[in-house]
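Novice: Listed here are the chains, written in short residue letters.
Number of protein chains: 2
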Amino acid sequence: MTGWQKDRIEIGILGLGVVGSGTVDLLQRNRAEIERKIGVPYHIKRIAVRDLEKKRSVTVDRSLLTSNALEVVDDPEIDIICELIGGVDPAKEFVLRALQNGKQVVTANKEMIAKEGHALMELASRKRLDFQFEGSVGGGIPIIQPMKNALAGNQVREVVGIINGTTNYILTKMSQEHAGFDDVLREAQAQGYAEADPTSDIEGYDAQYKIAILGSIAFTSRVDVNEVYVEGITKIAAADIACAEELGFTIKLLGDARRVGEDRMQVRVHPALLANSHPLAATNDVYNAILIKGDPIGDVMFYGRGAGSGPTGSAVVGDIMDVCRNLKFGSTGRIACTCFERKTMQHIDEVVTRHYLRMTVQDRPKVLASIASVLGEFEISIESVVQKATHDGQAQIVWVTHEAAGRNIVQALKRIGDLDVVVRISNWIRVAD
Amino acid sequence: MTGWQKDRIEIGILGLGVVGSGTVDLLQRNRAEIERKIGVPYHIKRIAVRDLEKKRSVTVDRSLLTSNALEVVDDPEIDIICELIGGVDPAKEFVLRALQNGKQVVTANKEMIAKEGHALMELASRKRLDFQFEGSVGGGIPIIQPMKNALAGNQVREVVGIINGTTNYILTKMSQEHAGFDDVLREAQAQGYAEADPTSDIEGYDAQYKIAILGSIAFTSRVDVNEVYVEGITKIAAADIACAEELGFTIKLLGDARRVGEDRMQVRVHPALLANSHPLAATNDVYNAILIKGDPIGDVMFYGRGAGSGPTGSAVVGDIMDVCRNLKFGSTGRIACTCFERKTMQHIDEVVTRHYLRMTVQDRPKVLASIASVLGEFEISIESVVQKATHDGQAQIVWVTHEAAGRNIVQALKRIGDLDVVVRISNWIRVAD
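Chains as they are written, first to last, in this note's numbering: chain A, 197 to 629; chain B, 197 to 629.
Isolated chain A (complex conformation) (with noise of 0.2 angstroms):
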């Protein structure tokens, strides 16, 4: 109860898009439950947004809102900053000069915290202020809170996980209705699954920030989001879905950070074939799935809706319950960065995975003998090989490699595009183990 002297906590809003208005209306319908919880009242002093005329999805006293954020920024009584703009700029400048105001700071800006985090970290650690963004991965589902906290005594071995819902809906679609990736993101476009402007979640560039976040946490080293590894879904081809599931796997996209030794680690996005007795295989839909490994708690994993409203509504309370205690208890400040290593990333082409590899040959004798032979010439053993006769005299091959590096791979396909029989190579994935 140290120095807390005032009535109640003020929290001053930046954004009301969805995490925005799914962050008020909880605030607002639960509070009766959340002050007891914290045991301290709060009141949203002032809401900033882009646009004062818009109509909002939540009942909010139009005297709240402000279209210049500084005034909520630099408001002398606002004790906590919720930024839920999203992106870098402007919400960087924002967040930085928030916490230059003293405040705390509550966001769910995964790009801001991937890309900047490092700066705005070290000033609130600097100035012992609470710096909290459970909702920047998974929405509602608690895994930075239980990283930091319950789970903290742990050496992390690896995080993976299914951390993107947009496209996790276009992969489940395909497999469920046996559709191309245009016609289902389309689709899901028009049902809001998707955004008119799809690149970052298709390409893995989301994926990319929330497991560079979930990375650096793991391995208390921060993790370059340049330097992690993606791959988008775009160049999944309904007919590889179908081929993964003849062979017992499903198609994701997953975020994957691994320790590699004692001073390296591995960090990776891409889309992956998972078995289908694979604990994240049956992860649907727009729901997100995180596992850990770790010593000694084996696998844990946490599963839940990984976007939304509501669901980062969640989380973003979640953060100002814990921030509110700490203001209370005069205790902000108490979990603070904690990348206190520097691992180094090791490249893709030194990741070992299992790997399926499409391609389409000319159906004649020996073809699969002689690209099979290429493949021994790289290290690379066979799993399993399926040959179907398609048309026009051609054939299509699906191999499933045992372990080998990516580098052979891309050495081996290389030579294996150039032989005369092979008409097209389609597509290449990697395997989850």
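Be a bit skeptical, because a hint or two may be false.
Each pair may be met inside one copy or between any two copies, as identical chains are not told apart.
As a list, the in silico DSSO-like pairs of lysine-lysine whose alpha-carbon atoms are at most 27 angstroms apart [unchecked claim]:
id : residue 1 : residue 2
1  : K344      : K241
2  : K524      : K241
3  : K250      : K323
By construction, these hints were calculated from the structure, which means they are not laboratory data.
Model, not experiment: these values are computed from the prediction.
Starting from the known structure of chain A, fit chain B onto it as the hints suggest.
Specialist: Relative to the frame of chain A, chain B by itself:
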């Protein structure tokens, strides 16, 4: 940082069994990383054990051990007491005394929390002490901290889970090996998955304690453990598992706590048929999984190893880290007991579920119709029914009903049991929704 004057935090441990060993091992092994995260050194000052000579799985300095727990609890230098003895007596006396001595407490003792938590938490709250018990439910799975923090803004509608590893192991083996309960129990005991006296697990008491704890947090109302309906797995036969599988179900022991209207709740432990598509259905062996349904979060699920030295040690160490941070920042008692309300318990007779009924009848015309007619009298309608001739002119009938109150089933079964044509009612198991 207010008030923190000491060079290091002194930890006292009561009990060096499975959980105690895991805790001490982790505190010793990951010391560097843990101390960097909490920002303060710690020291295990004293460990109370029953038998000083017993061989331990963890290496500890012999001079730390004492067979007198009061030497630990009363040591004026010790800041945190970890009670890892289990059971109510004498654990409760030690914890009470530790709190009276002004010490922070971490425990993994579900029975003590469920039965005596109220008095202990009240005392801790009054004295602004931390009282943490993440390890009491779900082993290493973070569930109590997330419910009290990240998810705390939600109104929880239901917490349902597979929260006893031993019974889940037994049911999994019965299903995989088509084996009977007694055989699998013996096998589980031989392999260390069930205790020599398995009563607390197989009769559902362990799960009863855990669901009482989860329900209390979820509904901010203390659940009286004696009011929790409990039914173990001893009556589950191989035939039930086989019949359930034929109908697309798997049988699990569930703990379930639900909000009923504004001021009631429903808390129960019993075996249940889960559709194979149920999010908990794929939780096998000793794994635990807990599903929370809340507003606005929707469904969120936590999965991991629900017991054992490493996982539970991970939870205890997570709690210790939290307490260390609170000691450092002078914010102990930051999250106190949240049972503000007094909800009453709905009786199991009132609880509405679907039901599975298996019975042996004489294989004569109109038998099925006469039973169906009794069910109809009690307003129990049928979702599916399978009748199979067995031998000796008998037949087995398996019913899955639509939703009906437990009371109606009790009454109907009494009447059905009295019918001449009914040889025996073999089982009645609830069906999860």
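Novice: Give a verdict on every hint.
Specialist: Now the hints, each set against the structure:
no. : hint        : in the structure
1   : K344 x K241 : between (30 angstroms within a copy, 25 angstroms between copies)
2   : K524 x K241 : within (18 angstroms within a copy, 32 angstroms between copies)
3   : K250 x K323 : neither (36 angstroms within a copy, 50 angstroms between copies)
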